[in-house]
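Protein chains: 2
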Amino acid sequence: MTMAQPAPAREAAPGGRREAYTTESLLAVAVEVFNERGYDGTSMEHLSKAAGISKSSIYHHVRGKEELLERAVGRALDGLFGTLEEPAAKRGSAVERLEYVVHRTVEVLLAELPYVTLLLRVRGNTRTERWALERRREFDHEVAELLRAAADDGDLRSDVDIRLATRLLFGMINSIVEWYRPKGDGLEHRDQIADAVARLAFDGLLAPGPDH
Amino acid sequence: MTMAQPAPAREAAPGGRREAYTTESLLAVAVEVFNERGYDGTSMEHLSKAAGISKSSIYHHVRGKEELLERAVGRALDGLFGTLEEPAAKRGSAVERLEYVVHRTVEVLLAELPYVTLLLRVRGNTRTERWALERRREFDHEVAELLRAAADDGDLRSDVDIRLATRLLFGMINSIVEWYRPKGDGLEHRDQIADAVARLAFDGLLAPGPDH
Chain A
0 MTMAQPAPAR
10 EAAPGGRREA
20 YTTESLLAVA
30 VEVFNERGYD
40 GTSMEHLSKA
50 AGISKSSIYH
60 HVRGKEELLE
70 RAVGRALDGL
80 FGTLEEPAAK
90 RGSAVERLEY
100 VVHRTVEVLL
110 AELPYVTLLL
120 RVRGNTRTER
130 WALERRREFD
140 HEVAELLRAA
150 ADDGDLRSDV
160 DIRLATRLLF
170 GMINSIVEWY
180 RPKGDGLEHR
190 DQIADAVARL
200 AFDGLLAPGP
210 DH
Chain B
0 MTMAQPAPAR
10 EAAPGGRREA
20 YTTESLLAVA
30 VEVFNERGYD
40 GTSMEHLSKA
50 AGISKSSIYH
60 HVRGKEELLE
70 RAVGRALDGL
80 FGTLEEPAAK
90 RGSAVERLEY
100 VVHRTVEVLL
110 AELPYVTLLL
120 RVRGNTRTER
130 WALERRREFD
140 HEVAELLRAA
150 ADDGDLRSDV
160 DIRLATRLLF
170 GMINSIVEWY
180 RPKGDGLEHR
190 DQIADAVARL
200 AFDGLLAPGP
210 DH
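Taken in order, these protein sequences are the chains called A and B.
Each residue of the first sequence is one higher than the one before, counting from 0 in numbering that gives the first Met the number 0.
Each residue of the second sequence is one higher than the one before, counting from 0 in numbering that gives the first Met the number 0.
Isolated chain A (complex conformation) (with noise of 0.2 Å):
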């Protein structure tokens, strides 16, 4: 595809009638990019082939790559933090609400995919990558106090270290990007998936019974 060709849109309406880019469906496409490339390996060449627009009509949109960026990362990051504004994030005592954010982080992250891959990709090159890295740091620090609340309140078990039990939580929750692949909606697997997390952190794989 060559930049002298009228430019293509990429979604059609319906009717069948072809429709321009909308700033969130342009970001859909430079996120896919973003996530193939590396943010630094993208110059905005790349994101007009993708796109299939000259990059004066990405102007039009953005100011440049690094505001797709923020807004993308930024997507992910209000998906995030907005688990921790959901009213079953506030009530109940803490272990209840660590086990409904580590479920609906899950879901977000699913929800979110792409968005949430390249948040996990942010290297802190640039001023907008070094806030979603600070921003991300909250988020877990947010999530970390969860934790040793419920273990205040004797609600966990005091064997495994705080700091060291939340980078194993995070750990196992943000490689669902690594094999996650959705099919149709994929909202049946994103249930179990989100279940699953959240047995194996809370009860752990063993059958529960009186040998264990």
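So the derived label-pair ranges between C-beta atoms look like this:
1) GLY81/A - GLU95/B: 37 to 47 Å
2) ALA19/A - GLU31/B: 40 to 50 Å
3) ARG162/B - GLY40/A: 29 to 39 Å
4) GLU44/B - GLY37/A: 20 to 30 Å
5) ALA87/B - GLU84/A: 44 to 54 Å
6) GLN191/B - ARG90/A: 26 to 36 Å
7) GLU65/B - GLU144/A: 40 to 50 Å
8) ARG180/A - GLN191/B: 26 to 36 Å
9) ARG90/A - ARG162/B: 30 to 40 Å
10) GLY183/A - GLU95/B: 37 to 47 Å
11) HIS140/A - SER92/B: 37 to 47 Å
12) SER53/A - LEU132/B: 37 to 47 Å
13) GLU84/A - LYS89/B: 48 to 58 Å
Just a few of them, taken from the derived set where beta-carbon distance is under 10 Å, the chain B residues facing chain A:
14) SER157
15) VAL159
16) LEU205
Sample of chain B residues lacking proximity to chain A, with all beta carbon distances greater than 10 Å (derived):
17) HIS59
18) GLY78
19) PRO181
In short, the hints are calculated from the structure, not lab data.
Just so you know, even glycine gets a beta-carbon here, dropped at the ideal spot from N, CA and C.
Please arrange chain B on chain A, whose structure you already have, making use of the hints.
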């Protein structure tokens, strides 16, 4: 450091006499460079600069960068597969063997950190990379078989799919390479991490007790 200078060796013998590279010590340098730049992004020139020896000196040890990759991921794979051959991995119930193998897998990952890190980042562009991916899948498969056997014995909870549990378990274990940085000999810390992974994976975060 330019190639015109005499090649400084990286290791000093106890007596202070500088020694030339062995294939092993050259491998340690190469693995650092592969992990830093990516295998695809590493040239013989990069390896020569990092080691401070000429390309010909490297060719004295190995046929090229692919042999260095083969030896490096081979070391990681030998360590991982070795755990399956240890006596404790072959006696007792499936769940006992599984717990042992999980614990030892974490210990091998920590002891061979740069080599396992490289193995986990292999992408499959060359014959050696595809071989490494295949061997890594075989190892995961062996552990998955242990999970299946333990589930058949009724020792694992029945409400989590075995394939999903295997992925989450390896997700948790493999994520350690993202944050673990050894301090001193790191031995005590290693054991603490291996214990934490085993406790989290098998017993979960919740405190044992009648409530749970």
